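Number of protein chains: 2
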Amino acid sequence: MTTTKQTIYYTLTDEAPSLATCSLLPIVRTFTAAADIDVKISDISLAGRILSAFPEKLTDEQQVADGLAFLGKLTQDPSANIIKLPNISASIPQLKACIAELQTQGYDIPDYPEVAHGEEEQVTQARFGKLLGSAVNPVLREGNSDRRAPAAVKAFVRKFPHRMGKWSKASRTHADYMRGGDFFSSEQSTTVDKETDVRIEFVAKDGKVTVKKEFQLEQGEIIDGMFMSCKALREFFEDSLNDAKETGVMWSLHVKATMMKVSHPIVFGHAVTVFYKDLFEKHAELFAKLEVNPNNGLGSVYDKIASLPRSKREEIEEDIQACYSTRPEMAMVDSVKGISNLHVPSDVIVDASMPAMIRSSGQMWGPDGKQKDTKAVMPESTYSRIYQEMINFCKTNGAFDPTTMGTVPNVGLMAKKAEEYGSHDKTFELAEDGIMRVVDTAGNVLTQHEVEKGDIWRACQTKDEPVRDWVKLAVTRARQSDTPAIFWLDPERAHDMELAKKVRVYLQDHDTTGLDIRIASYDEAIRISMERQIRGQDTISVTGNVLRDYLTDLFPIMELGTSAKMLSIVPMLKGGGMYETGAGGSAPKHVQQVEEENHLRWDSLGEFMALAVSLEDMGIKNDNPRATTLSKTLDQATGKLLENNKSPSRKTGELDNRGSHFYLGMYWAQAVAAQTDDKELATLFAPLAKTLTENEATIVSELSAVQGRSAELDGYYHAKRDTVKRVMRPSATLNSALASVHQ
Amino acid sequence: MTTTKQTIYYTLTDEAPSLATCSLLPIVRTFTAAADIDVKISDISLAGRILSAFPEKLTDEQQVADGLAFLGKLTQDPSANIIKLPNISASIPQLKACIAELQTQGYDIPDYPEVAHGEEEQVTQARFGKLLGSAVNPVLREGNSDRRAPAAVKAFVRKFPHRMGKWSKASRTHADYMRGGDFFSSEQSTTVDKETDVRIEFVAKDGKVTVKKEFQLEQGEIIDGMFMSCKALREFFEDSLNDAKETGVMWSLHVKATMMKVSHPIVFGHAVTVFYKDLFEKHAELFAKLEVNPNNGLGSVYDKIASLPRSKREEIEEDIQACYSTRPEMAMVDSVKGISNLHVPSDVIVDASMPAMIRSSGQMWGPDGKQKDTKAVMPESTYSRIYQEMINFCKTNGAFDPTTMGTVPNVGLMAKKAEEYGSHDKTFELAEDGIMRVVDTAGNVLTQHEVEKGDIWRACQTKDEPVRDWVKLAVTRARQSDTPAIFWLDPERAHDMELAKKVRVYLQDHDTTGLDIRIASYDEAIRISMERQIRGQDTISVTGNVLRDYLTDLFPIMELGTSAKMLSIVPMLKGGGMYETGAGGSAPKHVQQVEEENHLRWDSLGEFMALAVSLEDMGIKNDNPRATTLSKTLDQATGKLLENNKSPSRKTGELDNRGSHFYLGMYWAQAVAAQTDDKELATLFAPLAKTLTENEATIVSELSAVQGRSAELDGYYHAKRDTVKRVMRPSATLNSALASVHQ
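Protein chains in written order, with numbering that gives the first Met the number 0: chain W, 0 to 742; chain S, 0 to 742.
The hints are simulated quantities; they were obtained by calculation from the structure and are not laboratory data.
Any given hint might turn out to be false.
No distinction is drawn between identical chains; accordingly, a pair holds when it is met within one copy or between any pair of copies.
Said to hold, decoys possible - Below, computed lysine-lysine pairings styled on DSBU-like, alpha-carbon distance capped at 35 Å: (1) Lys165 to Lys452; (2) Lys336 to Lys288; (3) Lys230 to Lys165; (4) Lys303 to Lys371.
Model, not experiment: these values are computed from the prediction.
Whenever a hint applies, use it, and build me the whole structure from the sequences.
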């Protein structure tokens, strides 16, 4: 494929980020045009993806290009330069709402068939299926991950630190995890020395072999097999509940049912049926008939019994209440509404809930609405121990101090779906006792486990090329930031030891003279990193995929109060670059505030930072010194914006997203006008700098004048672009100042 | 000096160990005689030392040799082979009691003058002064320390594990220590490159210089200066008390006033006056008049007010009680008698009290007689962090399991009083603000601190030769036991970094191929050691003097339930060897039980083990293969004794110390008779093996027959040897069997 070399592809996504884009892009383009760089929109919104999935249903005018497919191909192009904003990972309710909206707008999109009847509906369901959940990241993340807190953000936090709850040395909070019978303790791992087909087989007690899955492994690929014992898990939950009850500490469960889509809801379900054991035992027959699914939480019980006769429903509700008298207090998601930790599997997501707890004095909210010490249960021990380590550390050293602490950036193995597990088609809940094994075409058994009914078995793959690239990226980052780097690889984990072998070999491909690059267990790595951190020192964490996900929330939330302020780069295997922005989703609540009060609290800081590295990369790769100058001056502008606290406020009437864009533009123009590397560029932007500076008060007042009243966007998932542009660009003074630059 | 080459010097000490010696030596000599080894008694008992200090007062018949002086000289002899049993470190009351006993026995020893009037009394006081406190160890410890748990003892513990209290993950117990203003944070350290005289000077605010001490440093000697801020210490106590009160956790203080004789009583005194602040403020004038010394604990208040009129005394007692209402609950030494942690400075000794707490679920006894979680306050942070580390570890991993855990032996820097501080003549409590500095003859300032009134300043010395020997000993042990060794040297401690420089240089003198020798901070070192330990792996701790003292209690108490079962060797700088036995003192309560019920519960295991290594060394150094054979067979006998649980019982009527000696003799004779390395020796001992085996029941019954009635020893500190021998050797069958071997 051919692409224009000097193009930045800027994704149009959903909800708040897509609104922000309408305000920000005109400013950005004013600058990039001066460096002959085109910033092109690529629509990967849910609505856009639905429309492009049903071209035959649309008129010629209605048809849209498949933005995601385009970008997917682009990732293979060495010149790719993509800025990726947060998008909707659609649940079924979201998908249905979007379809309904498109239908209202006159698009002939079929309804989503929850249960498919007949072949046509099956095809339709399958097409929609590809749009559900995390459908975008796997297509675009064709590289490993490089995340760090930019210096400007650290400086901002030192000046305006977020609140950190005090830790008591006598805190009772702790992490609780299995000491055996889990994935960690059963993991087996092999590297195949040549390309081979493999199959996952189940061997029943009677010797009958069932092939569960067939797939191919590349040369040098690592394949793991592991399982969690259902019996051990349920015993662990029972013990853990009893211990919390006895010691009088609150109980909370932390899983990642959204990412480990297959395995973690099952784990969650066991927690529900153990906690409410008496309930589920007493009503076993009825619940089976009602198709109560504990994996969907206690909420599922309430849903399913809603249709029962009142007396029966009340009996069950009383039985639910009775369970609480024999169990420990449970952490609440919403203590006012009585929504506990076990209500819905997706309410408490470990990588967000644990840092939040650690930031809040190691406490969660109890049923009485008070903050309390808690037993934080994370059954699978693999990564749980890092949280226990941080809890111990905070008990010993007190809460982290954002104004002095060092930073822990991350280099994460991610490319080609490395280490993805628990979420995919190679995870199985066993229906009977037997053996699960991975066998290659030559009949070699790569992994083998004796399993029992109810056990969860899963495979995990890691290709060689991403590992090689990951090692290179780690060395590059260690060199560029002159910072020690630790590969978090646990000597007690079979998979990590296979990985460590590769790391040791591939490190030899690089000049590591003068670098401090170590391999350490998770415990040790986090401990070293934290010890350095409280002394103001930085340490790069080089980790696998899941730890990448966890640590790029954990450390940023301590350091910056949020992970949204991290610079997130995906240097692609083929040479291009993707720059991800923000975190924490696409913020539906923000849109609501716009609709009601025309105030957008979305913070585009992530976009500013992503754009700066995108331009930097463009400057280097295309020998475009003007792009470099724009990158440097944009960084200065972002720094100034943070320093002067011109980020959006949450409060209607105060500076919002649009106002922060104005300030960015003003500071950027001032920085360009002031720099001396490119006189011509300085001259070009001097008038804009002058106009914006002189009209600061006018523009800010124009921007705030529109606030306080409702705003019509003509759609939610597929709002009208023109309407949105009008709403998002209300300052005539700013608009004309921008327009005048290239006239 | 000349010594017989084939001589083991066996110390005659005090109380229980000296009684045990009378039973054990005849057995031992029966065996060693066969290898032409003489076992000679060397009297270093308190009574013996007093007698030898006043030769002019005694008749010719009464005069005794100065055993300690003899052994002191012997330490400089490469062939020295000394077995050192626990002795009395005499307090003044003990000294006076001993003098009184000797006077009764007709020895013309003068009374101890507590306050010396006139020159003669001053001379007398000075002579007695040399016998007080820890007077023996500094003379004999002419080498570094090598302590480990013998394999037989570990095997015994695996079979008969001691009780370990369960740890709750939600335990509130923690170590609390200063985060600044203490010795750790102020330490300065220098290595002098040539021999020099130095002086410790105090520079007052008006510039006046006072020389506090003059002494000499050797070439390559490390000199440290450090201080603890009185203000910071008192603030720390206040904060710590308030925190315990607020969080509802018990408060306990752990110092080492016996070892850090000068500095720690002062620290303890501040704890007393902060805890009872209202009391000491209200009665300041009266307490000054009464000469109440808070460094002697609250007990001092009770002592001094005893003579006051009843109404005044009751007022003060009420004021003491009032303090408790504003302060947290305090850990008790004796909750029945109401003796708290702050009553007497020597009641709670950190290196014993902290392991005891950790063994007991991390709990101490409260005023209500119940076990409770506690804030364990150890103001000086230097070593306190290792306890916090172990507490965190136990919260995370549960109590240690003696049946599976690995061992942490110690190689400790000790020779030439290395790192002795806090206890000696170079510790000062400052009377005014100013500067404390160490200056050499050339006027170079080696350390310098700004200090305030009340601050505690101390110097610390470490000579080069002991360090070199210590490194060699560490490498030797790592090689001999094929075990990783960690030098515990903290990168944040000035002294340790001076030491680390030497360690790196001296390690190059040795072949370390294939050895795992690391340098790590205290935190890291203990963590690595514990992680290995719970996996059944051993790790040698190579530490300075104070950590040696702490760790050789901490780990043995976890592993073996006591530190008395450790093998404790002092390979002397000049080539000889000293083998220390037991720990925990000379057991006065044991003697009481003998006097009342003729049952000696003293366990001579330490002597058995010491004798085995003493013989092993003799075999190697004197090319005496028979000594080697005796050593091996003695080890086998000790192993069998432990395996068959033939150690002394605490209960009168059951097997006691004498019975365990019989079993040792029987197993030893059986092992010698069974070995094939030395046929002649086997033949010599076969009859003894046969006689003892056949008469086991008779001998055991003869030994138990004497129990249950009182036994007269004709003295306590200076019991009559003949009387003691009669009491300690009541089995005619055993005595004649032993006598028949060399007839």
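Hint check results:
no.	hint	in the structure
1	Lys165 to Lys452	between (45 Å within a copy, 33 Å between copies)
2	Lys336 to Lys288	within (28 Å within a copy, 66 Å between copies)
3	Lys230 to Lys165	between (39 Å within a copy, 24 Å between copies)
4	Lys303 to Lys371	within (32 Å within a copy, 47 Å between copies)
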